[in-house]
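**Q** Whenever a hint applies, use it, and build me the whole structure from the sequences.
If you're matching them up, the sequences are chains S and C in order.
Just so we're aligned, residue 1 is where the first sequence starts under the working numbering, counting upward by one.
Just so we're aligned, residue 1001 is where the second sequence starts under the working numbering, counting upward by one.
Read the hints as simulated data drawn from the structure, not as lab findings.
Treat the numbers as computed from the prediction; the structure is a model and nothing was measured.
Check each hint, because a few of them may be wrong.
[Claimed, not checked] Mimicking EDC-like on lysine to aspartate or glutamate, the simulated pairs with C-alpha atoms at most 20 Å apart in a straight line are:
no., chain 1, residue 1, chain 2, residue 2
1, S, K219, S, E275
2, C, K1097, C, D1073
3, S, K68, C, E1070
4, C, K1089, S, D164
5, S, K95, S, D132
6, S, K68, C, E1323
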Amino acid sequence: MKKTLCRGLVRVCLLIGWGIWPLIALAHQPSDAYMHLEVKGQDLQVRWHIALRDLNHVFMLDADGDHKVSWGEFLDRSGEVDDMLRKSLRVQNDKATCAPQPAQFQVEQLSSGTFIVADFVVRCAHTIASLDLRYDFLFEFDPSHRGLANLAEGEVRHPIVFTDEQRDKALRVGARDTHGYVFQYLRLGVEHILSGMDHVLFVVGLILASLNAGRLGFKQLLLAVSAFTVAHCTTLVLSAAGYFSPPGRIVEPLIALSIVFVAVNNITRSITRWELVLVFLFGLFHGLGFSSTLDIVRLPLGEKLLTLASFNVGIEIGQLLVIGATVPLLFLALTKVRSSTIVVCCSAGMAGFSSIWFVERAFNFSIITN
Amino acid sequence: MKQVALVLACVLSVGSIACAFAEPYLPKSRSDVIYEAKAEWDAALVRPGPGSQNPDEAAATAARFVSQGERSDDPRFYGYARAALKPWKDDPSPPRKVLEQRVRIAQSLHDFDAALADIQRMLHKQPNDVNALLSASLIHQDAGRFDTAKATCDRVALSSHAHWTLCAADLSSVTGGADEAYALLEQNVAQLRDLRTQAWASGLLAQIADRRGSRELAIANFERSLQLAPDAVPLRKSYLNFLYENRHAVRMNALLTNATEDGPYFFHVCLLKKLQGAAGTSRCLDALTKKYQHAANRGDKPHYFEEIVVALDFSNDPAHAFELALQNWNVNKKPSDAVLLAKASVATKNKDVLLSLSSWKRETKLEDTRLDRLLSKP
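**A** Pasting the structure below:
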């Protein structure tokens, strides 16, 4: 479910980025094709959206002349379409031509019209490092056509606009502006912790745990947050670098369970001696969760380290922001309400939410998450 | 009303988001219809792409695509027309019929420099070509090169007095002779044999009447021009712009009865909604804004007129309107461009630009009551 949501959000961002959402169906949109390219080792995965209006004009798909194109009419010509697509996108890696595989076709209704979605892989002989792309699609029919492409390389996006005059694009995969790169991953780290309610709640749980007899135990909080940080850094590094990668269906429920545990323990105060060890243990799970955001296995060592360092610093900044926002609120609440009431009420809420997350993630069905 | 609009906005937002989250799908059966073509636009479609090497045939194909482009407002057809003429793309001296279509395409795409270059080639081969001279005169006039426009227009008189009155009156009407221009054109309009040229002349009369502040006369002339050429998209757009300017929603509504959201009049449908305060205005604004952003992403030229009106009247962004109006003014000097710049300058309280517009108006002797009202604002 979470994956679907993420995919949906990525699509929204891409569509907004290209300005085609939420365009209502305007026929006077020019001829544009949208292409999402993703580097995966020695493969270039291609998802190509082509307006059916263009295909209908070029291939005269409407064989029976009823001004409607049926799926069958498209399938009858799909071999020619496939052939044209593969000839229209030439991919070279280190000057060696890569081989496009046959496409799978689907249909998608975007707000700017109906599109054929062609999914295929272009396979290169070696891991992709230096890409030369040539796009020749539709220009011989309509020189004002544009190929609006987005090449994804891990978290980095390279927007490309192919025109009749600019059909070639050379890309050094992995080469990028260091400052921008560091900032990008730093921001990703901050966003990741702030957008993930589970991580925020865990940190809030640690703050509540350090509240004793109406006073905030700063030393205790510092120790707990440090243990959590060291732990999640360790597993983040190991997992993101590809040494250790347990599946999300195990890690995600454990993260939810860790919040249940901290919340219940805040109410019962039944475990006090091994609290730091447990926080460290839970931090290990959270680190594995963070690493799911990164895909850096293929990066060279230097960039791997830079990515991890930037992302980690981002996570720490996010954590400090959560603490910085929660502690003043807590002090304010303490002037009106007894600390035990705050701890019990907040922890009960946290326990409730995280229990639902646990059930959802462990048994893969939706209660509150959509 | 507000609640209805709110509910509608919510439904549309949810719909849009649902659409963005929609996944590609495999149709269930071969008979599933996945696309419905616009019959009236696609019925006569010939397959685009590299075609005949024969210039007459290629020019005829290009002409058909350009006509489809004008009727549908779909820029694809201009692309198809360009593809049909590809063998002569870089030919400095192509056959005459190819040149004619190249000029038509360039004008449709607002590439006036390219159009003018090809017109010069046409005139080089046939110095008294009336249509080429009229087009050149109009391009020079719209760019504010009035002396060149007059010299070009005077050459028309050598071939056709009736056609000369078109460009002479048009030019005179923006350089201090509006009354005489109107009288001259009115006397000669009946002598024009071609109905479309008569419609053009009536459209000119309407614009002159509008600038002179005679709304009723402008409406009568616009109506006559539409009777003569009911399918002339630029004329109808010009009339709709006039009606919007004069808050004439009833007549706009009548003209847009059959207009669809995917046709050439979407912008004017939005203007009408704005005038009527109808639901869907914000959806219009959203769609238009995205359309302009999309055009910018593609590297297309801005739709200056539309974008300035949208920035001023819809999105309340006078600074953006002023920026666009100034860019537009650097290349286009039609009275309507001056009015747009004046509106944007009034909205942004830019007195310097208003002063320079006043001085330009004095120099050119342009008579325009709309501009007078804007420039006289304190």
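**Q** Each hint needs a verdict: does it hold in this structure or not?
**A** A quick look at each hint next to the structure:
Proposed proximity of K219/S and E275/S is supported: the alpha carbons are some 14 Å apart, at most 20 Å. A threshold of 20 Å between alpha carbons decides the hint, and for K1097/C with D1073/C the separation of about 23 Å lies outside it, so the pair is violated. This hinted pair does not check out: K68/S and E1070/C have alpha carbons roughly 23 Å apart, beyond 20 Å. Of the pairs offered as hints, the one joining K1089/C and D164/S holds, with about 13 Å between alpha carbons and a cut-off of 20 Å not exceeded.
Between the alpha carbons of K95/S and D132/S the distance comes to roughly 7 Å, so the proposed pair stays at or under 20 Å and holds. Among the hinted pairs, K68/S with E1323/C is inconsistent with the structure: their alpha-carbon atoms are about 44 Å apart, more than 20 Å.
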